[in-house]
Amino acid sequence: MMSENESVAAAVAEKNETRTAVSQRRKLLSVFPALLATSIPALALGIQNSGVLQARTQEIMNRVENDGFPDVMVIAHTGEQFNFYQDLLKDRLVLINFMSIDSEDELPMTANMARLVNALGEQVGREVFVFSISYDHAKDTPDRLANFARRFDVTEGWYFLSAAPEDVVALGYRLYRTSGRPRQRMNADLIHYGNVRIGLWGAIPAHISDVDLAVTRVTSVFPGKPVGSEIRRAGPRRLNMDGPVYDSRDRYGMV
1 MMSENESVAA AVAEKNETRT AVSQRRKLLS VFPALLATSI PALALGIQNS
51 GVLQARTQEI MNRVENDGFP DVMVIAHTGE QFNFYQDLLK DRLVLINFMS
101 IDSEDELPMT ANMARLVNAL GEQVGREVFV FSISYDHAKD TPDRLANFAR
151 RFDVTEGWYF LSAAPEDVVA LGYRLYRTSG RPRQRMNADL IHYGNVRIGL
201 WGAIPAHISD VDLAVTRVTS VFPGKPVGSE IRRAGPRRLN MDGPVYDSRD
251 RYGMV
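With the first letter of the sequence shown counted as 1, position 170 gets the number 170 in this note's numbering; the numbers rise by one all the way through.
Since the hints were made in silico from the structure, they are not lab data. Here the structure is a predicted model, which is why all the values come from computation and not from measurement. Check before you lean on any hint, since a few could be wrong.
[Said to hold, decoys possible] Between beta-carbon pairs, the in silico distance windows are:
1) 81 to 220: 30 to 40 Å
2) 106 to 51: 39 to 49 Å
3) 78 to 166: 32 to 42 Å
4) 108 to 165: 14 to 24 Å
5) 211 to 104: 17 to 27 Å
6) 155 to 51: 43 to 53 Å
7) 65 to 202: 43 to 53 Å
8) 125 to 201: 18 to 28 Å
9) 92 to 115: 30 to 40 Å
10) 139 to 80: 19 to 29 Å
Glycine included, C-beta positions come from ideal geometry on N, C-alpha and C.
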């Protein structure tokens, strides 16, 4: 059994140990900000030397500024070159689809887009702009796209665009929100429409069986009241409707 003096000595020793631990902890906390301040610039400088940090930062800033779109270089059927977002999309009402000339017979994207463009009438080129992006970069040259455009009497405000294959896929990812393994080409199964100024987007099947309804869908993102048919209540597909059937995974089959 400890004597009174031994108990007092033990208590004093324990108190001193506690004070020492607290003092060491405070000292560590006092130098940590200095260590952090010197370490971060060194780390950042090392990354910047390799260009990784700077490139990644710029990419993030560009995506935020451009509503997530890569501002890639595209060439129009008119021979003009554009930055896709800053020159063509920014603050506009737009229609976008993916196509290729050689696939037109199998999937008539341009023929269907032409029906929609004709239904929109004088709004095209004035209020809404149309961009058909080829995913066949090797074959769909600007000259070939120009000849193809003449077949459909393309009006001012409708552009056929070509770009590097990786840029086309990047644009497709932004619109389709795809994930998983990178694709070699984009599926041309939808027509995308959007009000870029406010970031409001939608899509309709590439096969347009009801032009009036398609116009209503597209103009629903326009300022003011949509034109075309009245908004219809959602419900089952009509039994007498022709064309592909789309489900939530965008798979389709013929009725």
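* Would you say the C-beta atoms of residue 78 and residue 166 sit inside 32 to 42 Å of each other? -> violated, 23 Å
* CB of residue 81 to CB of residue 220, is that within 30 to 40 Å? -> holds, 32 Å
* Return holds or violated for the Cβ distance of residue 139 and residue 80 against the range 19 to 29 Å. => holds, 20 Å
* Asked: So the hint says 43 to 53 Å: do the beta-carbon atoms of residue 155 and residue 51 match that?
  -> holds, 44 Å
* Asked: Is 39 to 49 Å right for how far apart the beta carbons of residue 106 and residue 51 are?
  -> holds, 43 Å
* Could you see if the CB distance from residue 108 to residue 165 stays within 14 to 24 Å? => holds, 23 Å
* With 18 to 28 Å as the target window, see if residue 125 and residue 201 comply at their CB atoms. => This hint holds: roughly 21 Å between Cβ atoms.
* Per the hint of 43 to 53 Å, is the separation of the Cβ atoms of residue 65 and residue 202 within bounds? -> violated, 23 Å
* C-beta pair residue 92, residue 115: status relative to the range 30 to 40 Å that was hinted -> violated, 21 Å
* Range hint 17 to 27 Å (beta carbons of residue 211 and residue 104) holds or violated -> holds, 19 Å
Going down the numbered hints, you'll see the structure goes against 3, 7 and 9, while the others check out.
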